[in-house]
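Student: The listed protein sequences correspond, in order, to chains A and B. Heads up, the first sequence is in this note's numbering, so the first residue is 1 and it goes up one at a time. Heads up, the second sequence is in this note's numbering, so the first residue is 1 and it goes up one at a time.
Derived from the structure by calculation, the hints contain no laboratory data. Among the hints, a few may not be true.
Straight-line C-alpha distance at most 25 Å; calculated SDA-like pairs for lysine to any residue [unchecked claim]:
#	chain 1	residue 1	chain 2	residue 2
1	A	107	B	5
2	A	153	A	72
3	B	262	B	221
4	A	7	B	189
Stretch-level coverage of chain A by chain B, calculated; a stretch enters the list once three of its residues show a Cβ under 8 Å from a Cβ in chain B [as the list claims (entries may be wrong)]:
#	stretch
5	38 to 52
6	83 to 90
7	95 to 105
8	112 to 119
Predicted model only: the values in this text are computed from it and were never measured. Cβ coordinates follow ideal geometry from the N, Cα and C atoms, glycine included.
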Amino acid sequence: MNILEIKNLTKTYGNKNANDNITVTLENGLYGLLGPNGAGKTTFMKQITTLIEPSKGEIIYNGKNIKELNEEYRAVLGYLPQEFGVYKNFSAQQFLQYVAALKGMNKKQAKNKIKELLELVGLYEVRNKAVDKFSGGMKRRVGIAQALLNDPKILVLDEPTAGLDPQERARFRNLLSQISKDKIIILSTHIISDIESIAKETIMIKDGAMLMKGNHKEILSGMEGKVYCIKTSNENEVMEIQNSYKVVNIQRSIDHVELRVVSDKMPRYENVEIIEPKFEDVYMFYFDLENTREV
Amino acid sequence: MILWEVKKLFKSKIGWICLGLFIFICGVMFFLKPILETENIYRNEKYELIKDDRSKEIIAQEKLDQKIHQIKEMASYSGNDDFSKTLKTISQKKLKAIENTKYEDVSFFKVLNHRISHPFINSVMIIILVLIFSNIYTDERISGMNDIILSSKNKFKVLYSKLGMAIFLPIILYMIYVSIAFIITIFQYGPPIHGQLEALRIIDFAGLLKEPYTIYEYLVLKISVMMVLLITVSVFSSLFSFVTKTSLAAISASALFIGFGKVITLMRFLPHSFLTIMSTSNYIDIMFHMEQFIGMYLGHVHILGINVDRIQMCNIFLLCMLGIGIAGCIFTFKKFLTK
Ligand SMILES: Nc1ncnc2c1ncn2[C@@H]1O[C@H](COP(=O)(O)OP(=O)(O)OP(=O)(O)O)[C@@H](O)[C@H]1O
Ligand SMILES: [Mg+2]
Chain A
1 MNILEIKNLT KTYGNKNAND NITVTLENGL YGLLGPNGAG KTTFMKQITT
51 LIEPSKGEII YNGKNIKELN EEYRAVLGYL PQEFGVYKNF SAQQFLQYVA
101 ALKGMNKKQA KNKIKELLEL VGLYEVRNKA VDKFSGGMKR RVGIAQALLN
151 DPKILVLDEP TAGLDPQERA RFRNLLSQIS KDKIIILSTH IISDIESIAK
201 ETIMIKDGAM LMKGNHKEIL SGMEGKVYCI KTSNENEVME IQNSYKVVNI
251 QRSIDHVELR VVSDKMPRYE NVEIIEPKFE DVYMFYFDLE NTREV
Chain B
1 MILWEVKKLF KSKIGWICLG LFIFICGVMF FLKPILETEN IYRNEKYELI
51 KDDRSKEIIA QEKLDQKIHQ IKEMASYSGN DDFSKTLKTI SQKKLKAIEN
101 TKYEDVSFFK VLNHRISHPF INSVMIIILV LIFSNIYTDE RISGMNDIIL
151 SSKNKFKVLY SKLGMAIFLP IILYMIYVSI AFIITIFQYG PPIHGQLEAL
201 RIIDFAGLLK EPYTIYEYLV LKISVMMVLL ITVSVFSSLF SFVTKTSLAA
251 ISASALFIGF GKVITLMRFL PHSFLTIMST SNYIDIMFHM EQFIGMYLGH
301 VHILGINVDR IQMCNIFLLC MLGIGIAGCI FTFKKFLTK
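Generate the whole structure from the sequences, applying the supplied hints.
Tutor: This is the structure:
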């Protein structure tokens, strides 16, 4: 059994709810956590990882409150914080040895696992180099390795792909989809493609509250008939559309411009066509932000 | 986990700076020397240095005779106030305990006593501890490891081993210092002999000594008080490290903590009895005038209708603060860090 029930989770800072009455049940599989900056993703994850206490509500793991489970619960946890840092003057290997000690692993167990993970994240060759001299992406890979050390049942990854190159990101996706069978993985990101293909369900958070939760299909079906393609050759019109609609994408050809637009109502232009929704439209539709389409 | 803490310490700059400071005070100790019982050096009214040229034995015997004479006078004093009466009793007790009034060589212990609680050494020792422990958790925050520690299985083991360090490192550091002092002093002033004799032979305020301590007892008492003092400073520095965000904040808080008691004694408008207590129970005075605290009788204070011995009060204060510091850390681990 591996079930995490989150009930009425609320975290209040001052008079602002960073998390507002979130209720959701998570089972084995990968959950993508989607939301703009300040939506409350990190706050949500920090409560799941026992770093901050909820102001209201509770988190139940396999029928028991995680507060009571205490060490037993932390033992099945793997966590990569958003601001992941490392000690100065520690080599990758030493660093992972330390984290293994934190997780209560014995030396032999740790040694094998560390080797395996270093190979998995492609850092085995540089295992004796100082981690603080690593590039940002390499550090993040160390971060991913440390989160996986204890074979966690609940893996919480706060923007794990920030700073990874496309190749590494793809490798990471494959890795996650491999291990997600017997784990609850919660992954926050701003990058749709990170979770598009591998998430069992996507949870969308806005202003601290859960907007919707569902699998790929369910979410897309809600978008049916709300994505349009507008063709125009008038630059003024392009400006106008950009000002009054949520534009996902603009494609320019020699004699005309194609705009991909999400909207509740059909835009009134000459050359408008309803098109099939894609996952990237969802983010724009609900959150209206620029950086949805980072590769 | 405590081994990892030590490892982390020596992977940081602070660890090496502190090791440097420690070696430095061990070197300085070489040159620290009190005026021995066998010497008589003083400055006259014109501030000229006067050195007594008589033989060592004569000088030492004269000094001892003076001390005993002083105690005898106190023992026969007929004052009627509490202070005089108590002094009279303790002086009689001390006289009874003196078996031999002949001077014996106690140079080793005189010097060792001076070296193990010299104000300069104490200050540097405290600086070392504040530097180490103000960073004990701040470093984790700065390197971004705090969240990983706090979400790990052994979270409390890590936190308690940090607290354990704050308690044991001062003990180890100070014991090493005392051991080095012991060895160096043997080389310079001969073997440790006559430690079973009366402590009044090596201290200057012999008349105020509260019990007829032997030299051994006196030194053990002093080392214990020093340790409590050092541990308390470490524990509070750690506490500040746990509750503040930057090492500067933690270091400032530690400095305030150490100086706070002394500052209070300057606030003349406070009740007299309170000021009297604070004038003994503050870290600055204890640190700089150790001699006046260890095993002394400094009179009583009336407070809340009871009569308490000032030094006793000071000892209670030291232990209470240590208790408060440890309790504060544990509370922080349990409640504050995951607020
Ligand atoms: N310790 C704190 N004190 C006060 N407010 C806080 C604290 N931590 C978070 N907040 C607020 O809670 C809200 C949610 O923050 P959170 O870090 O969870 O957002 P996020 O979704 O992770 O954003 P990002 O994508 O930028 O990482 C923000 O408005 C933030 O300002
Ligand atoms: Mg965040």
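Student: State for each hint whether it applies.
Tutor: Hint by hint, here is what the structure shows:
1. A/107 to B/5: Distance of about 17 Å is within 25 Å: holds.
2. A/153 to A/72: Status holds; Cα separation ~12 Å.
3. B/262 to B/221: Answer holds: residue 262 of chain B to residue 221 of chain B is near 23 Å, not above 25 Å.
4. A/7 to B/189: violated, 74 Å
5. 38 to 52: holds (count 5)
6. 83 to 90: Since 8 is at least three, the answer is holds.
7. 95 to 105: Result for this restraint: holds, n = 6.
8. 112 to 119: With 0 residues closer than 8 Å to chain B, the stretch 112 to 119 of chain A misses the three-residue bar; violated.
Comparing the model with each numbered hint stated earlier shows that hints 4, 8 do not hold.
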